[in-house]
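K.L.:
Protein chains in written order, with my numbering: chain F, 1 to 95; chain E, 96 to 605.
One or more of the hints may lead you astray.
[To be verified] EDC-like cross-link-like pairs, simulated, lysine to aspartate or glutamate; straight-line CA separation at most 16 Å:
1. E:588 - E:246
2. E:483 - F:57
3. E:483 - F:45
4. E:357 - E:389
5. E:483 - E:389
6. E:483 - F:39
[As the list claims (entries may be wrong)] From chain E, some residues computed to sit far from chain F (all C-beta separations above 10 Å):
7. 112
8. 127
9. 337
10. 340
11. 342
12. 348
13. 366
14. 375
15. 387
16. 391
17. 398
18. 410
19. 445
20. 579
No lab work stands behind these hints, which were simulated from the structure alone. Computed from a predicted model, the values in this text were never measured in an experiment. Glycine residues also receive a C-beta, built at the ideal position from the N, C-alpha and C atoms.
So the chains spell out like this:
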Amino acid sequence: MSFSLDDVTRLARLARIDLDAAGAAEVRAKLDAIFGLIDALQSIDTTGIAPMAHAQDVTIPLRDDRVSAENRRELYQAQAPAVADGLYLVPRVIE
Amino acid sequence: MIAGARDGAGTVRALSDALRARRISSVEIAQDALARIAASQPVVNAFISVDGEGALAQARAADAALARGDAGPLTGIPIAHKDVLMTAGLRTTCASRMLEHFVAPYDAHVVARLRDAGTVLVGKTNMDEFAMGSSSETSYFGPVKNPWSAECVPGGSSGGSAAAVAAGLLPATTGTDTGGSIRQPAALTGVTGLKPTYGVCSRYGLIAFASSLDTPGPLARTAEDCALLLNAMAGHDPRDSTSLDRPREDYLRDIAAAHTSKPLAGVRVGLPREYFAAGLEHEVGVAIEAALAELRALGATTVDIALPMVEHAVPVYYVIAPAEASSNLSRFDGVRYGHRAARYGDLADMYCRTRAEGFGAEVKRRILVGTYVLSHGYYDAYYLQAQKVRRLIAQDFVRAFERCDVIAGPTAPTCAFTIGAKADDPVQMYLNDIFTIAANLTGMPAISVPCGFTAQSLPIGLQLQGNHFGEARILNVAHRFQQATDWHRRTPKSGSAQYFAAHSYETGAR
């Protein structure tokens with residue numbers, strides 16, 4: 001796997017990380033090296049092997065569907081960069 | 096030059112005994128720890144935040160509990176948590192600009208349990224940003240230095256937690272281990288560090304890096320102290336859906352048994368030939384062989400085992416962990432908490448600038464790798480394939496544990512390396528985790544114990560890995576090894592000689 005500058009720019013956009021041309025060039029070289037390590041996996045025969053998503057073969061338990069947490073909005077919103085009237089503020093998305 | 100410490104000096108057990116015998120107060124211990132932390136900080140940089148006032152208030156409460164006779168084994172013991180574990184009212188940064196000013200609204204489960212056990216929280220330890228690294232160099236708050244040599248890294252990502260114990264600042268700390276982040280720094284700083292079975296300690300309040308691998312655990316001078324801490328940290332928590340609901344265990348139960356001349360009789364120690372191959376530093380190999388001879392002298396038998404798929408553990412990890420990280424770290428977008436860029440245009444621009452400014456280079460790289468391996472057209476080839484190879488690796492260990500009780504080998508392929516030596520080469524940095532990652536992929540417990548030094552007086556760690564829920568057994572093997580050796584009692588010359596001299600009040604302690 002070898003990345004082009006366009007690949008890196010597209011990837012950064014997908015990941016919502018601003019990346020200038022110099023940054024993209026540096027990242028590209030590192031990604032090539034990292035994928036040089038990772039690509040070794042492609043040659044392993046995994047026919048019939050079930051993917052292992054979790055460290056233990058247990059099913060995730062379900063909790064009863066009832067209200068258990070108290071409202072701590074003010075405490076949580078005290079951490080937010082911008083709030084008003086109990087709402088998080090972001091740049092306008094709908095004109 | 097290596098200074099020796101008296102048996103038990105500075106351990107949780109010795110401090111606990113001294114507190115109960117009223118030879119010292121928790122306030123005195125906390126004041127002592129705070130003074131040493133302040134003195135060490137310009138050199139070691141093990142801490143991101145120190146809460147002196149809070150620590151003294153907790154210590155006073157602990158002394159009151161001790162006076163009432165209402166105290167457990169950890170009451171009054173000073174402790175610090177890795178800065179990835181949330182602490183109510185105390186800044187939790189993940190060593191990132193993104194969370195530079197974030198004050199956690201609640202305690203992580205393991206933090207609350209150690210608080211309830213009476214420990215005195217003195218601060219938050221430095222680490223690799225978002226726990227992504229093997230050297231504690233990527234912290235926004237500057238690198239951590241190894242107390243054995245300020246030129247060297249302490250390992251990572253729990254480098255501050257390991258360095259704090261190694262430098263004699265605290266008897267114990269917590270860390271988290273996603274690919275070796277407790278064990279590798281424990282090895283590189285000459286302390287004992289345990290990664291429990293996945294699901295034994297809740298991840299609630301642990302700021303997520305790779306959810307299927309992240310595991311909180313203790314670091315201390317001895318295996319016995321790690322068992323004491325794990326007794327408090329372990330337990331079911333319905334707020335973490337992967338927390339296991341099992342009967343409570345006493346992790347000290349095997350350690351408490353009487354010491355005989357052959358305490359490890361009947362224990363089969365598996366030696367994976369893959370862990371003793373090329374790439375292992377010569378001095379590390381020599382120290383591990385000597386440690387294995389010691390285990391045999393204690394009555395254990397060794398058996399050769401094969402883990403043919405384990406060579407793929409590093410590439411599997413560097414697909415799965417970044418994939419999970421890219422998903423987990425998408426929450427840092429400048430809306431609900433953390434950094435927000437000062438200048439931006441529309442919403443997408445705000446996200447992109449916020450994340451570009453808030454994350455460091457290694458975190459961004461891993462997010463990009465994770466985004467790629469999860470993206471349309473590549474998911475099957477990378478993420479799904481890695482999960483399948485993960486199962487093949489786990490099957491190797493299931494087969495191996497049919498023939499042995501414990502798997503032994505080096506924790507890391509080298510001793511501590513020079514600061515900056517691998518900072519620009521992510522692949523070389525990743526290969527440091529070659530022996531530790533498998534325990535995370537399989538969810539099995541593993542411990543690193545000090546087992547020797549290089550000619551340059553840098554520590555070497557022995558890793559003992561157990562089967563699922565085998566904590567008590569590996570803690571016991573580690574404990575018996577520490578009863579017969581004194582590597583864990585060696586302390587760096589810098590600062591700690593005073594520390595151990597200062598523990599004269601422990602006279603009469605073990």
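K.L.:
If a hint holds in the structure, say so; if it doesn't, say that too.
P.N.:
Against the structure, the hints:
no.	hint	in the structure
1	E:588 - E:246	14 Å, holds
2	E:483 - F:57	14 Å, holds
3	E:483 - F:45	10 Å, holds
4	E:357 - E:389	11 Å, holds
5	E:483 - E:389	38 Å, violated
6	E:483 - F:39	14 Å, holds
7	112	37 Å, holds
8	127	34 Å, holds
9	337	7 Å, violated
10	340	8 Å, violated
11	342	16 Å, holds
12	348	23 Å, holds
13	366	24 Å, holds
14	375	19 Å, holds
15	387	28 Å, holds
16	391	31 Å, holds
17	398	25 Å, holds
18	410	5 Å, violated
19	445	6 Å, violated
20	579	32 Å, holds
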